[in-house]
Amino acid sequence: MSVTHDARVQVHRPAATAPRPAVRGWPEFNNPAAWIVAIILLIMPAIANGFFLIEIFATTLILGTIALSLMFLAGYGGMVSLMQLTIAGFAAYMVAVFGTSDNANISLGWPWWLAVPMALALATAFGTLGGALAVRTEGIYTIMITLAIGAAFYYFTNQNWAIFNGHTGINNVATPHFWGVNWRWDIPFYYVVLAVAALCYFAVDYISRAPFGLALQGVRDNPRRMAALGFNVNAHRVAAYAIASFIAGLAGVLQVWNYRQISPGSVSVGACIDILIIAIVGGITRPIGPYIGALVFVLLRTFALDFLVKIGLDGNRFRLLIGLGFLAIVFWSSDGVIGLWQRWRASQRRETNRPGGGRGHG
Amino acid sequence: MLKCSVGLLALSSLFLSGAAMAQDKIKVGVTATLEGTYTVLGEDGIRGHQTALNVLGKKIGDKELEFIIASTDATPDSAVRAVRKLIEQDKVQILLSPLSGDEGIAVKNFAKTHPELTFINAASGAQETTYVDPAPNFFRFNMDGAQWQVGLGKYAYDEKKYRKIATVGEDYSFIYTQVFGLALEFCGAGGQITNRQWVPLGTKDFASVIAALPDDVDAIYLGLGGADAVNFLNQYQQAGGKAHLMGGSIMIDQTILSSKGNAKNALIGTLAASGQADTWEDKGWQKFVKDYQDAFPPNKRFPSPSLLATNYYGSTMALILALRQVNGDLSDNQSKFKAALAKLEIDAPNGKIKLDGNRQAIGTNFVTEVVDDGKGALFSKVVKVIPNVNQTLGYDPAVFAKIGLPSRTVPECKKY
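The listed protein sequences correspond, in order, to chains C and S.
Heads up, the first sequence is in my numbering, so the first residue is 707 and it goes up one at a time.
Heads up, the second sequence is in my numbering, so the first residue is 578 and it goes up one at a time.
These are computed hints drawn from the structure, not numbers from a lab.
Since we're looking at a predicted model, the values are computed, not measured.
Keep in mind that a hint or two might mislead.
Counterexamples of contact, computed for chain S against chain C with all Cβ distances above 10 Å [to be verified]:
1) R661
2) G817
3) N842
4) R878
5) N904
6) R985
Cβ-to-Cβ under 10 Å is the rule here; a few derived chain S residues that face chain C [said to hold, decoys possible]:
7) E612
8) E643
9) I645
10) R658
11) E665
12) K668
13) Q670
14) T690
15) P692
16) A703
17) Y749
18) P777
19) Q815
20) G861
21) Q863
Just so it is clear, CB atoms sit at the ideal spot from N, CA and C, and this is done for glycine as well.
Given only the sequences and the hints, what does the whole structure look like? Please build it.
Put into structure tokens, the structure is as follows:
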């Protein structure tokens, strides 16, 4: 074992924060744009009908939350994990298995308030174990290990009939009813999703500024120096996986409630990579990025076919349009939509400061 | 005052025209697998649907049908997503969906959450869809996978003298249902199924499957479809496979028989069963084939319609005929329309079809053999026609229920 492993976890050391006292507070509170977005999200049910509310906005928030867990790992921990959707799918399956569904021979019929914590605990354990495997590697090897876990889980669900009910998956999963409200009705469900997404967003935002998050970013930037300072690098990474798994698990629970069914198609390798695309397209530097990426993704996925037909082209080529959209975003901005926005803001500022100043080098 | 009343008039006419527009159109959502392994099947399904519209027209009394197509990839999730989009965004009143087996099970379950709408199955053929806990608003005008295999096992045993066979199939509900139909008959006649191999939908590499095929069998039954079937045939030929083949309903189908390359030639002489036969002499069938061929240029269609085209044609036909019977009346949660569908008997290209109490088709089945037409095109030739095939395959419902639901290992190879 190397020195790295002998170091103790010292997350709460004041020294960790001491050199960076001027850490930003809650910048969003002073940003009018953030307030506008928050208000629009809150009054969304008054604006959007059932389809836009659930299929577009709730789905965006769910996918965005899964991508947020990847953003947390990749942006702050420097670990690109392709298994975040797998963890979400695992949580979704566990809700179906422990809860109530049409497959009475599989589902145990627990009430939702028992099934959901169980699912979250198992999903967090699953993700943490996967993470513990993956932290021994770096860069491309982390991607490969996590992709392998995702692919293995997909094929396992596809062929296991005892727990996962194979390719058919588990249908008619029960959703919670209490206080006289069916929480899967469009408007209550939207608010549940919004609350969970907001919670995860602020949690990630908070952690990124908390001692643990700062230490994690230190580990990302220079693991050797962090080890020399006495931080247990691997323990930080595994803890990051645990947090990310919990976030992904929450999103997975919402996903199974959304469609009331779960089947291997939802945890396919393609879907795992979709999460990476969402995070990259949105930008992995800030927690808002995944949500923007998810919105772009959901809009393209839902409307590309209609759009092509409307302008008189062959609807069968809609995948091409989706691909071109992503290509364009990544081509012009390696850090996603967030990067485009930041660069635009910077150029605006530059133009006001130095009129006649050149545009970016493009 | 004048201005005001003109404005009012304009406004009211706007509302009226809005109301009239809503009255004039009946919106129907259609899903097909336009992505993934079953893309060619989905595309031909849509061609069958178009052919039906060409023949029957879109007018229902003074109303007009409007169709909105959504794409799926044969997974249940994609089907539910597509159906939800059609209902919630496009506000369709009737659904023609879905194409593939597990999609059917998921959409049937979803149909229960929208009891006011009507779902007409487009082509999916898993037994469970209409057999277990059926949805009252889900109607299926095509037979299921087991019904489509009726006649095959007996013919193979009696005429071809096959005694031992092995099966290779895609690992999902439709193929389970097909093997179920085959096994009941073949094993019932005294045959043996020595080995059942299951491959995931979308398998590209069949090397290990081919290596594990037993040598001491009289024939190998293939329950594959779309790209999987073509991949298997290519690799099977490269591996020098020479066994007699038997095929499921989407294996011996124009989607495979008119694929490019030589691999399909391995299929000449293959025995199969399906809800249709390409060279059936029946007048209605011949007319359908001609309508299909006239509707599309030769390079944009198959030489002859596939089973999917036929199913989409049949379901579209049922939709239009039932709507005409009630003159497009969808009031009272579509109850008149649903009643008309339940009683409807259609003269589909592949024989008469009526529904049973679970709203599942009772129809005609065909045992076929693949022949070369001399110009390099392959067709399925009828060797036997079996009318009036019901979902319990002629078994007493109580006996049938004891067999269990189709799965990897059900039914056992014995006489029930």
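Evaluation of the provided hints:
1. R661: Non-interface label on R661/S violated, nearest chain C Cβ at 6 Å vs cutoff 10 Å.
2. G817: holds (28 Å)
3. N842: holds (29 Å)
4. R878: holds (14 Å)
5. N904: Given a closest Cβ separation of 30 Å, the condition holds.
6. R985: violated (7 Å)
7. E612: holds (7 Å)
8. E643: violated (13 Å)
9. I645: holds (9 Å)
10. R658: At 7 Å from the nearest chain C Cβ, R658/S passes the 10 Å test, so the hint holds.
11. E665: holds (3 Å)
12. K668: holds (9 Å)
13. Q670: Q670/S check fails; min Cβ-Cβ to chain C is 15 Å, beyond 10 Å.
14. T690: Given a least distance of 8 Å, the restraint on T690/S holds.
15. P692: violated (14 Å)
16. A703: holds (8 Å)
17. Y749: holds (4 Å)
18. P777: holds (5 Å)
19. Q815: At 25 Å from the nearest chain C Cβ, Q815/S fails the 10 Å test, so the hint is violated.
20. G861: Interface hint status for G861/S: violated (30 Å vs cutoff 10 Å).
21. Q863: violated (30 Å)
The structure fails to meet hints 1, 6, 8, 13, 15, 19, 20 and 21 from the earlier list, while all remaining hints are met.
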